[in-house]
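Engineer: What follows is the residue order along each chain.
2 protein chains.
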Amino acid sequence: MIDRLAIIGVGLIGSSLSLALRQAGAVGHVVGYGRNQKNLEKGVELGVLDSFEASIKNCVQDADVVVVAVPLGAMQAVFAELKPSIKSTAVITDVGSSKGSVVSAARAEFGDALPRFVPGHPIAGTEKSGVEAGFASLYQKRRIILTPLAQTDQAATAIIDEMWTHCGAIIEYLDVEHHDKVLAATSHLPHMLAFALVHYLSGLNDHDEIFRYAAGGFRDFTRIASGDPVMWRDVCLANGNALVGLIGQYQQELDRVVSAINDGNADELLKLFGKAKSERDSLIGNC
Amino acid sequence: MIDRLAIIGVGLIGSSLSLALRQAGAVGHVVGYGRNQKNLEKGVELGVLDSFEASIKNCVQDADVVVVAVPLGAMQAVFAELKPSIKSTAVITDVGSSKGSVVSAARAEFGDALPRFVPGHPIAGTEKSGVEAGFASLYQKRRIILTPLAQTDQAATAIIDEMWTHCGAIIEYLDVEHHDKVLAATSHLPHMLAFALVHYLSGLNDHDEIFRYAAGGFRDFTRIASGDPVMWRDVCLANGNALVGLIGQYQQELDRVVSAINDGNADELLKLFGKAKSERDSLIGNC
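These protein sequence lines map, in sequence, to chains A and B.
Residues 15 to 301 (the working numbering) make up the first sequence, in order.
Residues 15 to 301 (the working numbering) make up the second sequence, in order.
In isolation and in its complexed conformation, chain A is listed as follows:
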């Protein structure tokens, strides 16, 4: 049970967390902070928040757990601002989708509070954003990756582990570098490919017609291109090295497809598509 939870950045992730904890009866008072007052008012109206504050200082000062759910590029400034105001027992976590940059920011700002910071990343979301996009079941059976540091208090980690467990999530532990490598492949790279596809097609002369004939496959494929541009800009800046390497290797894969088409190499194409299909069917399930 978390008596007082502070959420900095009340969007899809933060509001779903609050709703899930409320549903589990695992939270007392939820206080929010964000730059958009209307969004915060909406949060109170929707029952996501009990109250909100106009400053980070006021938001965090009595909190037992502080969840920082802002874009990666805003993390360090938020950490700097909340540090002087938190209780000496407060536990802090974040939800950033790249952990290396967040941990660097935490090391730079938290000082003696660093052991009470538990880096986290819920592998869940939709392409929607804002407080109205939140829903209590978002984390049900989804993985939450925690990447505690050598100096992180085990008691702090246990509190964050329990918080997400109350939301119905599966908790996993990875080290920071490993997390960033895996997520670059499974999340950041596909997002880049989808953004690039829609951007490319939208620049063609007949793009209205192209989108007109788009079928369900195209809708599914490009859904992640409706993600929040600020969040994804920050992911690129935070995890750029890993991402650039993966895009380069992916382009070599595309080169192989092009060669097979140019050579009319039916066997090679069939092998490639067959392998991809069987991997996708077996590893993801035909869902």
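Since the hints were derived computationally from the structure, they do not count as laboratory data.
A few of these clues could be false.
Where chains are identical, the list cannot tell them apart; a pair therefore holds if satisfied intra-copy or between any two copies.
[Stated by the list, open to error] Within a straight-line C-alpha distance of at most 27 Å, the following computed DSSO-like cross-link-like pairs (lysine-lysine) qualify:
1) Lys-101 with Lys-71
2) Lys-101 with Lys-155
3) Lys-289 with Lys-142
4) Lys-285 with Lys-52
5) Lys-155 with Lys-285
6) Lys-289 with Lys-52
7) Lys-52 with Lys-71
8) Lys-142 with Lys-285
9) Lys-97 with Lys-285
10) Lys-155 with Lys-142
11) Lys-71 with Lys-289
12) Lys-142 with Lys-52
13) Lys-56 with Lys-142
14) Lys-71 with Lys-155
Chain A is fixed; fit chain B onto it per the hints.
Structural biologist: Just chain B now, kept in the frame of chain A:
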């Protein structure tokens, strides 16, 4: 009302057509042909087919409408085999996702029956295949593109138009080249990107772990990589030139993303992702 419908290739597309026409009361007897007898038996069991035949000749001989729903690479051989056996009034159509190669095959094989061939392409499907994947509502509110030739009988076109209208589809007319250009962009290119991504990731050392942390976005993005490898091999061979051109231009778009990341160009990344998001939201709907 089609008294006798012959379906050559009883997969997702053909069986969904039969089920939709039955539901509309717009078809009498449905006879199927395919290479897999178990699939045909299943078709009778599921009510997709009234009967099946062991040869194309027997399947088409009394049919009023013949629907050829085989992979693009098998079209010409099927056309050659059915031509001597069809009634002099029979109307033929196909469902191939690239029209140029199908029309060439029709010109080569149909002779005096060419005016009764109406090239078609339903912009509908799922990643599943086989007769069991079919369902009556597949074509509801989906676009069917017909690409009749200069010499196509208007009466033949009207029969195929009406057939698809009974399925709840929206019928559109494009010329062959235009169809192939638009579909290369909106369907063939995304399929190549998804196949290439899954194939690339499945070759990595830690691919089990990568797929383990895949979230909903990855599932959606890669769903089309579960498509039928034979069908997509044939699309590559039939529409390869258009596809190779598009992949090349898409790679230039990826190069721009890489440059922006390497330069730490936050404004450029935000602009690119913002444009993609707004295009996707407005043109596709946030579905």
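Engineer: Run every hint past the structure and note whether it holds.
Structural biologist: Tested hints:
{"no.": "1", "hint": "Lys-101 with Lys-71", "result": "within (11 Å within a copy, 83 Å between copies)"}
{"no.": "2", "hint": "Lys-101 with Lys-155", "result": "neither (32 Å within a copy, 58 Å between copies)"}
{"no.": "3", "hint": "Lys-289 with Lys-142", "result": "between (32 Å within a copy, 16 Å between copies)"}
{"no.": "4", "hint": "Lys-285 with Lys-52", "result": "between (54 Å within a copy, 25 Å between copies)"}
{"no.": "5", "hint": "Lys-155 with Lys-285", "result": "neither (34 Å within a copy, 35 Å between copies)"}
{"no.": "6", "hint": "Lys-289 with Lys-52", "result": "between (49 Å within a copy, 25 Å between copies)"}
{"no.": "7", "hint": "Lys-52 with Lys-71", "result": "within (20 Å within a copy, 70 Å between copies)"}
{"no.": "8", "hint": "Lys-142 with Lys-285", "result": "between (37 Å within a copy, 18 Å between copies)"}
{"no.": "9", "hint": "Lys-97 with Lys-285", "result": "neither (55 Å within a copy, 33 Å between copies)"}
{"no.": "10", "hint": "Lys-155 with Lys-142", "result": "both (20 Å within a copy, 25 Å between copies)"}
{"no.": "11", "hint": "Lys-71 with Lys-289", "result": "neither (54 Å within a copy, 35 Å between copies)"}
{"no.": "12", "hint": "Lys-142 with Lys-52", "result": "within (17 Å within a copy, 45 Å between copies)"}
{"no.": "13", "hint": "Lys-56 with Lys-142", "result": "within (16 Å within a copy, 42 Å between copies)"}
{"no.": "14", "hint": "Lys-71 with Lys-155", "result": "neither (34 Å within a copy, 53 Å between copies)"}
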